[in-house]
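So you can see what is in the structure, the chains are spelled out below.
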Amino acid sequence: MARFIVRRLGFMVMTVVLASIIIFFATTILPGDVASQILGRFATEEAKSQLRTELGLDKPVVVQYGTWLGNFVRGDWGESPSMNTLVRPIVFERLGNSLMLAVVAFVMYVPLGILLGLIAALKKNTWVDQTISVGSLAFIGLPEFVSGLILIAIFAIHFKWFPSQSAIPPGTGFVEALPYLILPAITVALTSLAYVVRMTRSSTVDVLQMDYVRTANLKGIPPRKVLFTHVLRNSLLPTVTVVAIGIGWLIGGLIVTESVYGYPGLGRLLLFAIQRRDLVLIQSTALLIVLIYVVANLIADILYAVLNPRIRYS
Amino acid sequence: MTVPAASRPVFEVEGLSVDYVTELGDLHAVRNVSLAIHQHESFGLVGESGSGKSTLAMGAIRYLASNGRVADGSVRLNGVELLGLSPKELRALWGAKIGVVYQSPLSALNPSIPIGRQLAEVARQHLGMDSAAARGRVQEMLTKVAMPDPDAVMKRYPHQLSGGMLQRCVIAMALMTNPALLIMDEPTTALDVTTQAVVLDLVAELKREFDSAILYITHDLGVITKICDRVGVMYAGEFMEQAQLKELFKRPLHPYTLDLLGCVPHFDPTPQKRSLVTIPGSIPRVDQLPAGCIFAPRCSFVEAACTKARPPLAAVDKGHLSACRRWQAVPPPAEYLRAATEAVRGVQTACDTSDVLVRTSDVQVHFKAPKGTVRAVDGVDLDVCEGQTLGVVGESGSGKTTVARAIIGLTPRTGGSITLKGESLPRTTGRRPRSTLRQIQMVFQNPDASLNPTRSVGDAIMRPLTLLGGLDRRRAKDRALELLQSVSLPVSYFDRLPHELSGGEKQRVAIARAFAAEPGIILCDEPISSLDVSVQGSLMNLLMKLQVEQKTSYLFISHDLSAVQHLSDVIAVVYLGHVMEVGDATKVLTPPFHPYTEALLSAVPLADPDVKQKPIRLAGSVPSAMNVPSGCRFHPRCPRNLGDVCREQEPPWREGDGDHRIFCHIPLDELERLQAETLVLEAEEGA
Ligand code: SF4
Ligand code: SF4
Numbered sequence: 019m020a021r022f023i024v025r026r027l028g029f030m031v032m033t034v035v036l037a038s039i040i041i042f043f044a045t046t047i048l049p050g051d052v053a054s055q056i057l058g059r060f061a062t063e064e065a066k067s068q069l070r071t072e073l074g075l076d077k078p079v080v081v082q083y084g085t086w087l088g089n090f091v092r093g094d095w096g097e098s099p100s101m102n103t104l105v106r107p108i109v110f111e112r113l114g115n116s117l118m119l120a121v122v123a124f125v126m127y128v129p130l131g132i133l134l135g136l137i138a139a140l141k142k143n144t145w146v147d148q149t150i151s152v153g154s155l156a157f158i159g160l161p162e163f164v165s166g167l168i169l170i171a172i173f174a175i176h177f178k179w180f181p182s183q184s185a186i187p188p189g190t191g192f193v194e195a196l197p198y199l200i201l202p203a204i205t206v207a208l209t210s211l212a213y214v215v216r217m218t219r220s221s222t223v224d225v226l227q228m229d230y231v232r233t234a235n236l237k238g239i240p241p242r243k244v245l246f247t248h249v250l251r252n253s254l255l256p257t258v259t260v261v262a263i264g265i266g267w268l269i270g271g272l273i274v275t276e277s278v279y280g281y282p283g284l285g286r287l288l289l290f291a292i293q294r295r296d297l298v299l300i301q302s303t304a305l306l307i308v309l310i311y312v313v314a315n316l317i318a319d320i321l322y323a324v325l326n327p328r329i330r331y332s
Numbered sequence: 075m076t077v078p079a080a081s082r083p084v085f086e087v088e089g090l091s092v093d094y095v096t097e098l099g100d101l102h103a104v105r106n107v108s109l110a111i112h113q114h115e116s117f118g119l120v121g122e123s124g125s126g127k128s129t130l131a132m133g134a135i136r137y138l139a140s141n142g143r144v145a146d147g148s149v150r151l152n153g154v155e156l157l158g159l160s161p162k163e164l165r166a167l168w169g170a171k172i173g174v175v176y177q178s179p180l181s182a183l184n185p186s187i188p189i190g191r192q193l194a195e196v197a198r199q200h201l202g203m204d205s206a207a208a209r210g211r212v213q214e215m216l217t218k219v220a221m222p223d224p225d226a227v228m229k230r231y232p233h234q235l236s237g238g239m240l241q242r243c244v245i246a247m248a249l250m251t252n253p254a255l256l257i258m259d260e261p262t263t264a265l266d267v268t269t270q271a272v273v274l275d276l277v278a279e280l281k282r283e284f285d286s287a288i289l290y291i292t293h294d295l296g297v298i299t300k301i302c303d304r305v306g307v308m309y310a311g312e313f314m315e316q317a318q319l320k321e322l323f324k325r326p327l328h329p330y331t332l333d334l335l336g337c338v339p340h341f342d343p344t345p346q347k348r349s350l351v352t353i354p355g356s357i358p359r360v361d362q363l364p365a366g367c368i369f370a371p372r373c374s375f376v377e378a379a380c381t382k383a384r385p386p387l388a389a390v391d392k393g394h395l396s397a398c399r400r401w402q403a404v405p406p407p408a409e410y411l412r413a414a415t416e417a418v419r420g421v422q423t424a425c426d427t428s429d430v431l432v433r434t435s436d437v438q439v440h441f442k443a444p445k446g447t448v449r450a451v452d453g454v455d456l457d458v459c460e461g462q463t464l465g466v467v468g469e470s471g472s473g474k475t476t477v478a479r480a481i482i483g484l485t486p487r488t489g490g491s492i493t494l495k496g497e498s499l500p501r502t503t504g505r506r507p508r509s510t511l512r513q514i515q516m517v518f519q520n521p522d523a524s525l526n527p528t529r530s531v532g533d534a535i536m537r538p539l540t541l542l543g544g545l546d547r548r549r550a551k552d553r554a555l556e557l558l559q560s561v562s563l564p565v566s567y568f569d570r571l572p573h574e575l576s577g578g579e580k581q582r583v584a585i586a587r588a589f590a591a592e593p594g595i596i597l598c599d600e601p602i603s604s605l606d607v608s609v610q611g612s613l614m615n616l617l618m619k620l621q622v623e624q625k626t627s628y629l630f631i632s633h634d635l636s637a638v639q640h641l642s643d644v645i646a647v648v649y650l651g652h653v654m655e656v657g658d659a660t661k662v663l664t665p666p667f668h669p670y671t672e673a674l675l676s677a678v679p680l681a682d683p684d685v686k687q688k689p690i691r692l693a694g695s696v697p698s699a700m701n702v703p704s705g706c707r708f709h710p711r712c713p714r715n716l717g718d719v720c721r722e723q724e725p726p727w728r729e730g731d732g733d734h735r736i737f738c739h740i741p742l743d744e745l746e747r748l749q750a751e752t753l754v755l756e757a758e759e760g761a
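Residue numbers (my numbering), protein chains in the order written: chain R, 19 to 332; chain C, 75 to 761.
Excised from the complex, chain C in its bound form (with noise of 0.2 Å):
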């Protein structure tokens, strides 16, 4: 959206600096930032964990925890300077003038009072309205967030919403005094990617519909380009560059944007798959900061001058600042790409019955819960090749991680069969042989829930080569260390306990001691999800490279559909505990697809502002295993519903080529037909 040049800009951060203040001195988290957002523009505030970006919001608001101060500079909201004010003139702007929106819509919400009360509390503590006047202004704000039966959300207490209906509360709770700044910390962080793109268009859609300015903060490249005109990069709680969104993903002018730009992967569904750009080492403590470029120890275009002083941010372009002096010779993003990464192994799709190392055949998880049966697993039937990567896409709910427990043992299946090397697998972990054992490794999510605290890398790793791979404790050492320099870690680490390790170097302990069995597949259970995104890359590079010197098979859970077409030979797609599609990565990624899996690739956030998505929207959420919808289990939400059919029936298979299969009533050359239409992707301009 352009902006009149004359208008003033709605807020205003000038010059400003955040400390907090601790027992080891004060940290300067915040040094130095400006930044302008003007009426009906949105900002977007991206940048890693660390990198200041909610204490750059919250100490401009003057919101900090008690051991927080603004240090210095100005923040002006329509001309008022917000520093100076007092708690009680603060208290008048908030929620009034100034609105937030956060990460977690559940643990925003006050769990015992209910949601119409919570929302009317701003209309009558600022538009002084009475209790009755209030209730109306909720039930307009509701309707206007598109809320289904909005009378009786407000009467409802927070846990019976789902995290999408309730991050529309939230939204228009912000939004009810029409405030003049709207912040929205990571508001879809927390949601599943269909309810994620529900939430991104219905900010997109306020945005024209009211004044505010929005400054929107995020780790998510992808989402920024559906919300905002603006964006600034912060690392380190510094601006590394601000520019207009199309200008900053088309032509970066700092080495650290371009990086970022290159962690995430490229959904592309071609065979041929490159590395991922990496940033050595890590951001730097606040405390700890180089001196000259913050970034010089991590940028590939560091030069002597650099480290000398620090360059400051200036602008290198109209409406375009950089904080790198070698902004000229920063290459275009495409460029940088060819030469910073390298081509790897690409898509494969030989597999025959013979290649087949772990196979489940109608695999059920059911448990009993009070209220009925869970239905976690419902019939999957999926295979994984030696060698290749099976990914298991799917949202909360799907029962993907349930699949894999079951694989390993870990919970019981109560139904169904799995082979490992066409040998039936016991139930539990406790009935397998060792050897049996030995085969399949599991990483999970959250590297700290399998690492043991109190012992040291070194011990984690030697645990399964002593026990399950018989060696004895010197030669088992020497592997370690190996195994530790193979996973890209000092092998100084080997004596350090876990907490001394960042959360991706925890998780590469984990790949390491996975590997140290030498496993025939490892399952990998979102192994990346909770890590910023240049580990993310740089550990999908890592589980890459194993598997091709290893030749080791992967089922690779994860909701992130980008990570998962990056990484795999074959993908399944699952809905409330049964494979909806399945098949060779690059046919599952083009037409005909399953309806669920053109839903998710058209609600995937693309980093790339050129592209065009088809908006196919799921309605409602994922509903409970308990409740599981008759006839086609995603009749109640599928776009393509047929009606009496898909309610009444089990769809069929349909068989498409190789081993590619669809899980619908439509026949597989209809879907194809339907979604020539309505490509997910459309192609980019002048490209």
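Chain R extracted, bound-state conformation (with noise of 0.2 Å):
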């Protein structure tokens, strides 16, 4: 088991070291000359010089990018031209943010969609079934562009229940802003639920079908008890895997999302970056997001270990 914790860090440290690479040439690199983009085309060839200088430019780009990684690393995440402020504390103000949306999003899809999945496999086949399996999947083609701006008009602007803009001033609390929350959450949650529900209705059905779930029916364990030990065990594993690698998809999500409603996020924060060609901002966002997402993979696969023997015993 440590051996395998210790090889999933190796491979998380390898995707994050090639994430950086591949953001830092993105960013740095290929949009060419970033003095004159800075100072403008006007500025003397002297000025220009000076500021290569000043940002190492000069310097050949292995060690532009070590020196770059290495601030990254210590916490010197640099200075935002676009907002003239540092990018840290900008960038962790958004995270927060962001993760309370994904915290309630999350509260919202993971069991609803676990239920509903057991629900569909247990009624495989019937009109329960049908009627869960296309309506989720219905969600999954709705982008969240629509569904929000149905949910805004639905329950914002119809019933007035929620707000319908989301721009909550910086550092307000959770519990403030959890009102402002929900539209945006439920629009999130509702493209990854139909994922949860088929992963857990697919792998379910499987189980179902184990020889050991008859052995457990024919010791005359009763249903609901066969259910807990025998079926759920086994059949959420990979529902885990989805639920966490979905989390890729909430960042995904997020942005959109986080525009929509106008909520202050880092899905936000990086498409205003990206238009201002914030190349610091981009940066750091990018590789703060690749972070997350590797660390939401690692959860994953320790949790399927943890819950799965023959992982853990071999």
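FYI, nobody ran anything at the bench for these hints, they're computed from the structure.
Even glycine gets a Cβ: it sits at the ideal position worked out from N, Cα and C.
Honestly, I wouldn't trust all of these hints.
[What the hints assert, rightly or not] Stretches of chain C that chain R covers, calculated by requiring three or more beta carbons in the stretch to come under 8 Å of a beta carbon on chain R:
#1 175-181
#2 195-207
[To be verified] No farther apart than 20 Å at their CA atoms in a straight line, the calculated lysine to any residue pairs in the SDA-like style are these:
#3 R:Lys141 <-> C:Val95
#4 C:Lys229 <-> R:Met19
#5 C:Lys495 <-> C:Pro507
#6 C:Lys686 <-> C:Asp342
Put the two chains together into one complex, using the hints given.
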């Protein structure tokens, strides 16, 4: 088990390094001369070369990359030209907001998805199953900006239950933010719900056909107990993975959803940075998103191993 | 075991019919079957696949798939009618009064729950025990099934135990409550023959100790003789015959039983072989049953009246029931065998060095694994002579398949050499010239793996003809049609796709394709193992016929010693990647034996209730090829282990008559002396 975790950690570090290389080169090398971008096309050659020296752009690429990554690890994320502030506090503030949103969405779709998936599996090929499957599938196809706008139209404009915009000021606590979080969270949850439902359904259907479920039934154990002790443990294994990988989707969904609601999260920050061509801000935000993604996958792997003795003991 | 006639059967099935509701309408999978089992008695339910034996058992205890339903009949356990019970009442019986043992113990146990807890569940559910008491009970039961170190086993997960150990756990679980009825559904089919013997011994012993009536389901007539008191033969959803065990084997009174007995090779070490009985056609689908006797289309005793009305299963003798209206015309098995089979080419022994077609010398196949080296094949010397069959027998993990794959070049050898007609063969197929590729063909266990599902049968056979034989398409087609006929398939199969064929038919196509290249040798890797006994018999006949016609050599790999002895001129017994004994079939099957051969022979369940087999049982299971034991690799399990020599020193090859060689520290005369006292087969009663 320890070896397993060490191996996974190794993979994780490799992924992050690779991603950092891609991010760095995409933002630093490809866009061309940074100095003329910052100083404008009409700047003197002298001024530009002075800035290059300041920024370390005259050094070899590898050294530049090393310095950048070293600074990132140390927590020196630089200053954002477009916002004229330090990058790190901004990013962390937005990260906090995004996490709040993600947690609310997570709490909505994971238990609901598992429950619906289970019901669909137990009622396989009945109208209940079909309704759940088709219903949840419909939401996969629906992009966030559509579902978001529909939700706003119904619950914010028609019923006026929730605010239509969620531009909470910096430093808002969770409790005050909650009403602003509900609609965006539902929007995010709707897309991810279907994956959880489908995975839970299909793995539960598989497990229900396993010989050991027959064994359990023929031991005379009540169906409810068979479900909880014998079926769920095995059928939720693949679901765990999907849920964790779904965190990646969640982040993708956040970028769009946050824009629809004007919610100041990480996704919107990234979008803003891209619009302003704020390379420093893009670098840090993007690498942070990669980190979150990788950590989520690591947690999924470990959880899977903990739940699965075949991996735990090999 | 004789039971007082007056005692009431524990388990009674009367007129049971089970239907499956499908898109095609209701399928009457089991129709109007009856049986009764007394306390301490075991009833063997024999039948080929599709005979409805499992459906009968599961329908009787009311555990059917959602589209299955009991259409009619009565099932009583200790006088209580099961068919009217509510789900809750049934659950009170399942696990308590009815225990079940399944075919594959690994899949019958939950992979993510420790074994102890899975077993304890039964005690807690039905014996009202708390978890401590239940644990105690589990421990007690595991001890009863002779499980070494029950405490450690209870903490293990299923994947950490061998098949034999797991099956003991499942048996312990089924017997936890001393159930009135124990259903065993092919409990040893997934196990190696030596493990099977140990489990069968255990079942026989537990049968005496526990009060349960046993319903034992199997396709294996040999296994039946070890366990059962009474036997019912099923065919396409009905009983053909029921009788006491010895009656059924000695004097079967239904043609189907007679045929079944003739399909399995007789175990005899004499060089003269006879073909096996074949049953033409195949089991009818239950929605396409013939009118009249359902066996009529395949019966060699059929007469016009048979097809008019379906003969009922009726008592023809005391305790003997047959569904044949001509039961009086059914001859004794020995007489029938002589008439229905013919003498075939006997065992050939002559083989000079010049006749050697394929020779493996010190062949090794080692794989690198994360935790060490897997020595799958570890120094194998074998000769296959022209026109002869070398049978390679060994349990799973013996490396027998890997040897074949190394010869054909699918798995590159890592050491040693392989020659074809004296010329060294490159290690992989990619480096072998076409003429060599043509010379060596292979037939696999699973024909689906080698037949492309999108290509027609004709295409499959024509490929080697055009590719390796250099024929143009028209000539290839003619030849393919000839080949179809030679494997006894109708030429109309030429345009069929593999999924339209039965398992046996697909294997015939695979054989036809192997012969298409006109090879010198065909490597047959368990070609009949996944098929029904009657199909196995006809395939063995086919292989023998084609060998005589084409003068092809076979390397016949199987775990089934009966099949190997039936087909082979020379037999090699392999264990853990190494040959233990090799020689003419007759020599290998008579003393002196290598101790492993001896154990294998004594473990094979012979389909003859009269022979007594000396119980030589091996402890434990085949070790991993990653940790091959020192000295003699068989020493940890060898019943004749000599101690230090065997543990420390590699044994010498002991040369016997002809090419007979045994890899053992015990000299041949000593082995012969030891084994003379403990002959594997005792003489038949009264013969
Ligand atoms: S009734 Fe006729 S067809 Fe049926 S088994 Fe007997 S002899 Fe054969
Ligand atoms: S060498 Fe020893 S351990 Fe090996 S088979 Fe012979 S007697 Fe048994």
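Okay, the hints, checked on the actual structure:
no., hint, result
1, 175-181, "holds (count 3)"
2, 195-207, "holds (count 4)"
3, R:Lys141 <-> C:Val95, "18 Å, holds"
4, C:Lys229 <-> R:Met19, "18 Å, holds"
5, C:Lys495 <-> C:Pro507, "14 Å, holds"
6, C:Lys686 <-> C:Asp342, "15 Å, holds"
In the structure shown, no violation is registered for any of the earlier numbered hints.
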